[in-house]
Structures are given as C-alpha cells and as structure tokens.
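A.B. asks: Residues per chain are reported as follows:
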Amino acid sequence: MSSGMPLLAIVTLPFIGSLIAVFLRQDARNGAAFLAGTVALCCTVLTAIQYPAVHRGAVLRAGVEWIPTLGLDFTLRMDGFTWLFTMLVTGIGFLVALYARYYMSPSDPVPRFFAFLLAFMGAMLGIVLSGNLIQLVFFWELTSLFSFLLIGYWHHNASARDGARMALTVTATGGLCLLVGVLLIGHIVGSYDLDQVLSSGGKVRSSSLYLPALILVLLGALTKSAQFPFHFWLPHAMAAPTPVSAYLHSATMVKAGVFLLTLLWPVLSGTEAWFYIVVTAGLCTLVLGAYAAIFQQDLKGLLAYSTISHLGLITLLLGLSSPLAAVAAIFHTINHATFKASLFMAAGIIDHESGTRDIRRLSGLFRFMPITATLAMVAAAAMAGVPLLNGFLSKEMFFAEAAAFHIDSLLDHSLPYFAMLASAFSVAYSLRFIHGVFFGPPPVDLPRTPHEPPHWMRFPVEFLVLACLLVGILPAMTIKPFLASAVWAVLGPDTPPYSLAVWHGFNEPLLMSVIALAGGILLYWLLQRYLAKGIEGPPLVRRLKGQRIFERVLVTLSWKWARSLERLFGTQRLQPQLRLLVSFAVLAALWPLYRQGLEAGSRSSTAFDPAFLLLWIVGGLCAIGAAYQAKYHRLAAMVLLGGAGLVTCITFVWFSAPDLAITQLLVEIVTTVLILLGLRWLPKRIEIAGEGLSLGLHARGRRARDLMLALAAGTGMTLIIYAMLTRPLPDTISRYFVENAYAEGGGRNVVNVLLVDFRGFDTFGEIVVLAVVAITVFSLLRRFRPAPESVDAPEQQQVQDAYDQARPDRAVGDTLADYLTIPATIMQWLFPVIIMVAIYLFLRGHDLPGGGFAAGVTMSIALILQYMAGGTRWIEARLRVRPISWIGLGLLCAAFTGMAAWLFSHPFLTSYFQYLDLPGIGKVPAATALLFDLGVFAVVVGATVLILIALAHQSVRSSRTGRPPLSTAAPALTKEHV
Amino acid sequence: MTELVFALAVGILTGSGVWLLLRPRTFQVIIGLSLLSYAVNLFIFGMGRLRVGAPPVLENAEAVDPSLYADPLPQALVLTAIVISFAMTALFLVVLLASRGLTGTDHVDGRENPQ
Chain A
1 MSSGMPLLAI
11 VTLPFIGSLI
21 AVFLRQDARN
31 GAAFLAGTVA
41 LCCTVLTAIQ
51 YPAVHRGAVL
61 RAGVEWIPTL
71 GLDFTLRMDG
81 FTWLFTMLVT
91 GIGFLVALYA
101 RYYMSPSDPV
111 PRFFAFLLAF
121 MGAMLGIVLS
131 GNLIQLVFFW
141 ELTSLFSFLL
151 IGYWHHNASA
161 RDGARMALTV
171 TATGGLCLLV
181 GVLLIGHIVG
191 SYDLDQVLSS
201 GGKVRSSSLY
211 LPALILVLLG
221 ALTKSAQFPF
231 HFWLPHAMAA
241 PTPVSAYLHS
251 ATMVKAGVFL
261 LTLLWPVLSG
271 TEAWFYIVVT
281 AGLCTLVLGA
291 YAAIFQQDLK
301 GLLAYSTISH
311 LGLITLLLGL
321 SSPLAAVAAI
331 FHTINHATFK
341 ASLFMAAGII
351 DHESGTRDIR
361 RLSGLFRFMP
371 ITATLAMVAA
381 AAMAGVPLLN
391 GFLSKEMFFA
401 EAAAFHIDSL
411 LDHSLPYFAM
421 LASAFSVAYS
431 LRFIHGVFFG
441 PPPVDLPRTP
451 HEPPHWMRFP
461 VEFLVLACLL
471 VGILPAMTIK
481 PFLASAVWAV
491 LGPDTPPYSL
501 AVWHGFNEPL
511 LMSVIALAGG
521 ILLYWLLQRY
531 LAKGIEGPPL
541 VRRLKGQRIF
551 ERVLVTLSWK
561 WARSLERLFG
571 TQRLQPQLRL
581 LVSFAVLAAL
591 WPLYRQGLEA
601 GSRSSTAFDP
611 AFLLLWIVGG
621 LCAIGAAYQA
631 KYHRLAAMVL
641 LGGAGLVTCI
651 TFVWFSAPDL
661 AITQLLVEIV
671 TTVLILLGLR
681 WLPKRIEIAG
691 EGLSLGLHAR
701 GRRARDLMLA
711 LAAGTGMTLI
721 IYAMLTRPLP
731 DTISRYFVEN
741 AYAEGGGRNV
751 VNVLLVDFRG
761 FDTFGEIVVL
771 AVVAITVFSL
781 LRRFRPAPES
791 VDAPEQQQVQ
801 DAYDQARPDR
811 AVGDTLADYL
821 TIPATIMQWL
831 FPVIIMVAIY
841 LFLRGHDLPG
851 GGFAAGVTMS
861 IALILQYMAG
871 GTRWIEARLR
881 VRPISWIGLG
891 LLCAAFTGMA
901 AWLFSHPFLT
911 SYFQYLDLPG
921 IGKVPAATAL
931 LFDLGVFAVV
941 VGATVLILIA
951 LAHQSVRSSR
961 TGRPPLSTAA
971 PALTKEHV
Chain B
1 MTELVFALAV
11 GILTGSGVWL
21 LLRPRTFQVI
31 IGLSLLSYAV
41 NLFIFGMGRL
51 RVGAPPVLEN
61 AEAVDPSLYA
71 DPLPQALVLT
81 AIVISFAMTA
91 LFLVVLLASR
101 GLTGTDHVDG
111 RENPQ
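Chains as they are written, first to last, in the working numbering: chain A, 1 to 978; chain B, 1 to 115.
A few of these clues could be false.
Some, not all, of what chain B presents toward chain A, calculated at C-beta under 8 Å [stated by the list, open to error]:
| # | residue |
| --- | --- |
| 1 | T2 |
| 2 | A7 |
| 3 | Q28 |
| 4 | G48 |
| 5 | R51 |
| 6 | A54 |
| 7 | Y69 |
| 8 | P72 |
| 9 | V78 |
| 10 | A87 |
| 11 | A90 |
| 12 | L93 |
| 13 | L102 |
| 14 | D106 |
Calculated from the structure, these hints are not laboratory results.
Glycine is no exception: its CB is placed at the ideal position from the N, C-alpha and C atoms.
Please put together the full structure from these sequences, using the hints given.
C.D. replies: Rendered as structure tokens:
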C-alpha cells in the first residue's frame with residue numbers, strides 16, 4: 001500500500017515529535033520550537049503532495065490491522081474535504097509553532113508546551129483522517145485531553161485550571177455521547193467503516209434509532225464546537241497561552257465539531273429533526289455570540305465570542321441541508337480559520353508587547369505598531385465581511401442561503417433578518433476591536449511601552465492576512481480548485497453549481513451586506529457612550545451565565561449528591577464492606593440453588609481411603625484452630641496455618657498433582673519465614689482472662705452474625721464443589737494440551753509445558769505481577785517507620801545482651817551470635833546442596849515435576865536460610881545478592897526468548913525444542929521454553945529474596961536509627977553497613 | 001465419599017477464612033486470606049475432578065491417551081495462583097506493617113472502632 005505511507009506518517013509524526021519534545025531540556029525553547037515547526041512543515045508538505053491524487057477524486061487509504069476479531073482496523077482515508085482540513089491543521093500548526101517560539105517566555109517550560117501542541121496536532125489529524133468511526137471518537141477524546149493540558153499549561157493560574165477543567169468536562173462528556181451515537185450508527189449500518197457509513201445514509205435516516213443517534217452525535221459536535229447552550233467553556237479557555245487559542249480555539253479543535261457535522265452531512269442531514277435542532281442551535285449561537293462579543297472588555301474574550309458566533313454560522317448553514325449551504329459552510333470554515341488565527345495572533349502580539357489586552361486600557365496603538373495594526377485591521381475587516389476579503393465571499397453565500405426557502409416555518413422565514421442582525425453585530429465588534437485598540441488618544445499607564453514585535457513573530461500574521469486578501473480578491477485563481485475537490489468529496493454528484501466571484505451584480509445578498517455594514521457602523525456609533533463606561537459583560541443577558549449554571553450542576557452532581565450517596569451507602573470501614581461482599585456472594589450463589597435445587601451427579605466416586613479422612617480431620621482442625629487463635633496467639637495460628645497448608649499439599653500429591661505439591665510446600669516455607677519476619681512489628685496483644693464473658697451484647701451479636709456468614713460461605717462452597725466433583729468431566733481444551741504437549745511443546749510434564757509454552761503469555765504476565773509486587777514491597781518498606789513500642793530489640797535479645805554486659809569476658813552480641821550455632825552450621829552447609837536441588841528441579845521441569853517456579857522458590861530458600869543462619873550483616877558482608885538485577889534479567893530473558901520467535905516470523909513466545917546430548921549429563925531437553933523458564937526462575941528468585949530481605953533489613957535499620965545507641969553496643973551494631 | 005471429604009475440606013477452609021476475614025485485626029485478616037487461598041486453590045484444582053495415581057506426566061510420549069492423565073489445566077492455573085498468593089500475602093503483610101507504623105494500631109481501618 002504505497003499511497004498509505006504518507007497518511008500514516010502525517011498522523012504519527014506529530015506524536016513522535018511530541019515524545020521527543022518531552023525529553024528536551026526545560027529551557028530548550030529554540031530546540032522545541034524547531035522540532036515542532038519541522039514536524040508541522042513536514043506534515044504540510046506531505047499533505048500538499050497528495051493533492052494531485054485527491055483532486056482527481058481518488059480517496060487515499062492506509063490501514064493497519066487493529067482488532068480484526070471485531071472487524072476493526074486502524075484505517076486512514078483522505079479525500080478532497082479531509083485534504084483541505086489536513087492542510088489547515090498542519091499549515092496553521094506550523095505558523096502557530098513559529099509564533100509560539102516568540103510568544104512563550106524563556107522562563108516557561110517550553111518543551112512541555114510544544115510536546116502538548118504536537119500531540120494535539122496528531123490527535124486532530126487523527127480525527128480528520130480517520131477511516132472508521134470508533135477510531136475517530138478515540139482521537140476526538142484525545143483532542144479533549146490535550147486541549148485540557150494546553151489550556152491548563154500555566155497551571156499555577158487558577159483561571160487556567162478552571163478553564164481547562166471546564167473545557168474537558170464539557171467536551172469529553174460530549175465525546176462520550178458521540179461514542180454512543182457512533183455505536184448506534186455502527187449498529188444501524190453494520191459497520192464502523194466510514195466509507196460504508198457514508199454510502200448508507202438512507203438506511204440510517206429511515207432507521208428507528210436515527211433520532212437517538214442524531215441527538216447523541218449532535219451533543220458531541222455541538223459541545224466541541226462551543227454551540228449554544230454549551231458555548232460557555234470557550235471564553236474560559238482563553239486562559240490558555242495565545243498560540244493555543246489561535247490554534248485550538250479558532251482553527252482546529254472547535255472546528256472538529258463542524259468538521260464532523262460536515263463529514264456526516266450526507267448521512268444525517270435532510271430530515272426535519274436535523275433542520276430544527278441544528279439550525280436552532282446555530283442561529284442562537286450566531287446571534288448571541290455576536291451580541292456578547294460587542295461588550296467584551298478582553299481582546300481575547302471578544303475574539304472568543306466572535307469565534308462562537310462564526311461557528312454558529314457554519315452550524316446554521318449545515319443545518320439548512322441544502323447543498324449550496326454546505327458549500328458555504330465548507331468555504332467559511334477555511335476563511336474563518338485564516339482570519340481568526342491571524343486575529344488571535346495579533347491580539348497575542350498586543351498583549352505581549354504592551355502587557356495588557358484590556359480594551360479599556362488600550363488605545364491609539366497605531367502609532368506604536370503600525371504594521372501589526374494594519375494587518376489586524378485587514379483581518380478584522382475580513383471578519384466583518386468587508387468586500388475584497390475572503391470573509392465577504394462566504395458571507396454573501398450565507399446571505400443567499402438565509403434568504404432562500406427551505407422548510408415552511410417561522411424559523412426559516414425569520415432567518416434573513418437574524419442573519420443581517422448578527423452580521424451587523426459582527427461589524428460592530430470588529431469596529432470595536434480596531435477602533436478601541438489602535439485609534440484614539442495614546443494609551444496611559446500601560447505595563448510596557450508597546451512596540452512592533454520581532455519580525456518572525458509577525459510573519460504568521462502577515463502570511464494569513466495575505467491569504468485573506470488573495471482569496472478575497474482572486475478567489476478563482478486561489479481557493480477555487482481546492483474548494484471544488486473538497487465540496488465534491490462531501491456532496492458527490494449532488495454538487496450544485498456555485499460561483500466564487502467578487503461581483504455578482506446588484507442582488508439580494510449584496511443588499512443585505514450593505515444593510516448589515518451600515519447597521520453595524522451605526523450600532524457601534526450609538527453604543528460609544530455605553531461602551532465608554534467599561535461595564536463588564538453584555539447588557540440584558542449579563543446575569544445568564546452558562547459558567548455559573550455549569551458550576552452549580554457540577555457541585556450538585558459531584559459534591560452534594562455524591563456525598564449523600566456516600567453517606568447512605570458507603571463506609572470507610574473495611575469490615576462492613578467485606579461483610580457486604582461475602583453476603584452478596586452467598587446470596588448470588590443461593591439464587592440458582594433456589595431455582596434449580598441441588599443434587600449430586602452421577603460420576604463414580606473415587607476410591608475412598610480412610611487415611612484421607614484422617615488427613616483432613618487434622619487439616620480441618622488446623623484451619624479452625626488457626627481461625628480461633630489468630631487474635632491472641634499469632635505464632636500458634638501461624639503454625640496451625642502451616643499445618644493446613646501441609647495437608648493441602650498432601651492433597652495435591654494424593655490427587656495426581658505433584659507439581660502443585662512441590663510448589664505449595666516450598667511456598668509454605670517462604671510464607672512462614674515471611675510472616676515470622678513480620679510478627680516482630682505487630683503490637684502485643686495479651687488475652688485477659690474472662691474477657692470473652694464480659695463482651696457487650698453488641699459485640700456478641702456481631703460475632704454471631706459473622707459466624708453465621710462464615711458458616712454459610714463454607715457450606716455453600718462445600719455444596720458447590722461437591723455437586724461439581726460428582727459430575728463427569730466434560731471434554732475440555734485440556735485434551736488438546738495433553739495430546740500435543742510432547743508433539744508441539746517437547747515436554748512430558750504437561751503442566752510445565754502449559755506454563756512455559758502453551759500459556760506462556762499468561763506466565764509472562766504472572767512474573768511481571770510478581771516483579772511489580774516485589775518492587776512495591778521494597779519501596780513501601782523503604783519508608784517504613786515502626787510503631788514506637790516495637791522499636792526496642794526483642795525481649796530475648798535484650799536478655800542476651802544483658803547477659804553479655806554482665807560478663808566482663810563477653811562483648812555485647814556474642815550470645816546472639818552463638819545462638820543456635822548447630823542449626824546455623826547445618827544451614828550453612830546445606831547452601832550448596834539446596835542450590836543443587838534448585839538446579840535439579842529446574843532442569844527436570846520440562847519432563848518431570850519441577851520447573852522454574854519451584855526451582856526459583858527453592859533457590860530463594862537457600863539464600864534466606866543463609867540470612868537466618870548468619871544474620872543479615874554477616875551474610876551481606878560475604879555474599880551480595882542483587883535481587884533487583886535478578887528480577888530485571890529474568891524479565892528480559894523471558895521477553896527476549898519470546899521475541900526471538902519474531903526473528904523466525906512466528907508470533908511472540910512460539911517455542912522450539914530439540915534434545916541435546918551433553919557429555920556426562922545425558923540427553924537434555926533444550927527447548928527455547930527452557931530459556932523462558934530460566935527467566936521465570938530468575939524473577940521468582942529475585943522477587944522472593946527482595947521481599948524477604950527488605951523485611952529482614954527492617955530490624956537492622958530500626959536498631960540503628962530508632963534506638964539511642966548504647967555506648968558499647970554502637971560500634972558492633974553499625975560495623976557493617978546495609 | 002472421597003469427594004465429600006474433599007468438599008468438606010474446602011468448606012472448612014473457606015469458613016475459617018471468611019470468619020478471619022471479618023475480624024478487626026490485620027493479622028487475623030492475613031491468616032484468613034491465606035486459608036481462603038488454600039480453599040480457592042483446592043476449589044479450582046477440584047474442577048479437574050479427583051484422580052488418584054494419574055499425574056499429567058506423559059509416559060509414552062508417542063501415542064498419548066488423554067483419559068489416562070489428570071486434567072493439567074486447573075493444575076497449571078493453581079500453580080501460578082500459589083505463587084501469586086504468596087506475593088499477595090507479602091504485599092498485604094507489608095501494607096499491614098506500614099499501616100501499623102503510621103497509625104499506631106493494627107486495626108484494619110487504621111483506627112480503633114468504638115463499636
């Protein structure tokens with residue numbers, strides 16, 4: 001797929017650039033800007049060279065398998081319309097990167113800014129180029145996320161944080177609605193593939209699910225494009241750095257909504273529901289946005305409301321469902337992006353060079369920055385729809401469409417008047433922007449003396465303004481072919497004839513334009529006095545603040561209701577939670593029992609041996625004893641627990657599971673050591689005679705209830721397992737494993753082959769979990785602070801030390817060192833023997849019971865025994881175990897063994913086996929699975945030893961740090977550092 | 001009869017485990033979780049039914065008759081479960097110790113409850 005590579009590159013390059021930017025130095029302003037600019041430029045060029053193909057009407061595609069089982073592929077597609085949008089995103093992205101280089105202060109962490117900006121660009125390109133709807137929604141939510149990060153870039157600023165949070169809440173909620181809507185569409189069409197969806201418009205519109213799908217998709221699009229009543233987040237997003245506003249909140253992110261509406265226009269439009277919802281939302285936004293923009297005191301606020309209003313215009317056009325209106329919508333999308341991005345950048349320059357963007361404080365800037373002022377004036381004129389500029393052309397088309405007849409209704413009939421009104425408003429706010437900032441008396445008391453910006457900071461504005469002019473004066477020579485291919489991509493054969501001329505003669509739209517221009521100028525003149533008062537917010541609707549409603553809703557939902565719900569149903573105490581969980585499990589199991597009854601199955605019973613009954617009488621007593629003693633007699637409980645464990649272990653042997661028995665036995669040993677190490681740090685709990693009798697009624701009730709619950713759980717498990725054991729085993733996948741263990745895995749021990757070969761990936765997951773747990777334990781213990789009463793040396797050690805002190809011929813610690821000398825010697829002697837056992841278990845694992853897990857635990861027992869025999873300091877002075885390296889090497893070994901299969905173009909963890917004849921040892925199975933098992937072995941050793949050593953070290957550490965050093969003991973205790 | 005003993009064993013382990021799980025002291029809960037993990041391991045193991053003298057270690061590797069061997073799948077599952085439950089016990093023990101060091105109590109909630 002040769003045509004696919006550029007598309008993939010266009011989407012992935014920004015993400016790669018973003019990752020690189022993350023690793024740049026904090027002050028690498030030039031480097032990061034250069035990186036971002038280069039990436040954007042590369043993408044622009046890559047897009048541009050696709051034009052010949054796109055212009056011929058071809059749809060470029062690229063695809064990578066994603067979730068083939070669900071019929072989902074990662075596909076990219078580019079037609080004329082998406083080509084135009086891609087150009088917009090990448091081209092303006094480049095200009096913004098250039099601009100941001102000069103705008104951002106060297107003291108800001110600039111690489112982070114560019115990393116977010118690039119990632120945002122990638123996400124936006126992902127939306128535009130997605131060839132399937134689910135993928136589109138994914139990138140859609142990514143843009144919400146990165147816009148959140150970009151708006152909140154100056155996170156020390158409260159308004160930036162609030163604005164970011166609000167934008168995320170509104171747009172991401174909309175995104176979730178969109179996801180559901182898209183799922184509905186996918187359900188109707190039977191595919192998420194965009195081409196298939198686009199070609200089944202009739203099917204979608206006639207479906208009974210059309211209305212819910214439409215509403216959900218519109219919720220997504222309207223929130224993203226800041227349409228009434230969701231418009232309120234956009235002005236608050238102005239807390240972002242200005243390059244972000246110029247890029248996200250004029251040219252790209254907010255355009256994602258109208259992009260989606262345009263993209264799905266052939267599928268969803270043309271119904272009454274579409275007309276009424278979309279036109280109403282667009283019209284309200286258009287008029288209210290323009291009205292509010294006149295009365296803003298913040299330059300960026302003015303531009304933000306103007307953006308809202310223009311997006312409303314585009315939405316309105318799309319809502320009209322006529323092909324000509326769609327052409328106008330696409331055209332205005334491009335025009336708006338060019339003049340609005342340049343205006344935002346100009347506002348940023350003014351803010352940057354004069355220190356404020358409050359219109360009340362700014363005036364007469366023309367004399368300080370004539371070039372910027374001229375550029376801004378041209379752009380603002382384009383925004384107002386003055387002839388010979390691009391805004392005029394699309395506005396004429398808009399007027400023509402507003403005056404045309406669509407659906408016989410009051411809404412349709414009133415459109416031309418509202419259109420003129422909004423247009424007059426836009427003339428008024430454009431005038432205010434120009435007149436208020438650049439003309440009038442010289443400014444007083446500005447934070448900085450304004451001056452022209454560096455040339456390259458102004459360059460993006462110059463470029464965009466030039467584009468406005470060229471398109472406005474020579475539309476046929478500049479934008480026409482691009483627009484034509486975009487329109488054809490959306491409308492196909494329905495493409496209406498339209499003309500892009502500056503002069504169409506004296507007609508209705510021209511008249512409307514003239515009225516709007518004159519009305520706007522008149523309005524601005526009439527409002528002079530009111531505006532001079534400098535009142536914040538528009539009159540009449542000042543009190544109606546979307547933000548306040550939003551916040552109230554949020555507070556109610558996430559604070560008041562959540563708190564009451566928590567109070568009603570939640571508890572921070574563990575016991576009620578567990579009680580609920582167990583009760584729920586018991587009840588859930590009771591339900592089928594009640595429905596179907598219980599009866600034993602027909603499987604013939606396994607031969608009974610009285611010894612087995614005897615075994616479990618002991619085991620059961622051990623379990624109950626452990627339960628009974630765990631409160632006051634911890635050591636006894638631990639021993640009893642071990643008893644139950646041993647009986648379990650024997651049960652495994654009894655019923656043909658030697659591997660389990662070995663592992664259980666070894667783990668039993670390690671667990672015992674582990675708990676023994678922990679016991680020291682628990683508070684003493686002495687049973688007071690007769691305490692049980694003096695228990696309150698309440699406590700007795702609680703215990704009775706818990707006892708009932710435990711009995712119910714136990715009985716339930718007994719019944720379930722009995723019912724199951726007495727039924728014959730159905731034919732399962734196990735048959736396959738047994739039959740193929742040797743043929744395909746090269747091992748006779750089916751359990752081991754399962755672990756390291758057939759289910760190797762699961763095992764890989766297991767050892768990763770083990771490694772994570774070990775490192776968690778290690779890091780938790782690094783900050784461990786024992787309770788004060790546990791800090792002292794254990795009682796026995798105190799007695800020993802006191803004995804040593806009383807004897808002049810003994811140093812403190814001698815008795816401790818002599819303690820259990822004979823067992824310690826034996827343990828030391830056993831060290832090589834146990835290691836041999838571990839190796840033996842490991843090597844036989846593939847064919848006989850054993851394997852990496854068992855060998856690993858054995859190996860760690862060997863090491864732990866040395867710790868117990870010699871003491872932490874003694875052993876560490878002689879033998880340095882580096883458990884973290886063991887873990888790391890083990891994981892790498894397992895992973896590389898798995899990856900080696902790739903070299904032979906097999907999937908991850910495919911194994912290969914062969915028998916090797918080693919001299920002196922004999923025939924050794926040499927499956928690659930053995931290497932994998934070696935990884936398992938190393939991880940198990942590392943993890944187990946890391947956990948145990950970390951615990952063992954606590955005694956050493958606390959005796960060093962917690963106890964005031966005894967004068968004579970101190971040198972001996974700190975002799976060896978841990 | 002063997003099946004019944006096995007089932008009762010699982011039941012007793014579960015009952016003792018659940019009882020301890022509902023106790024207020026962290027050490028009790030740790031012992032309870034260990035007992036419960038025995039029960040669960042035996043339960044999963046039991047899914048392959050009880051077979052005496054038929055470990056899934058192939059003798060004649062050439063012509064394999066699956067009916068001669070115990071079900072290896074639950075065994076493989078339980079084997080990893082054993083190791084993971086050790087890791088879980090370790091993690092829980094350390095959390096217990098840290099909580100005890102921070103809060104000065106070994107109550108599961110980090111503070112003594114009056115009721």
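A.B. asks: Hint by hint, work out which the structure violates, then give me just those numbers in ascending order.
C.D. replies: When the structure is compared with the hints, none of them turns out to be violated.
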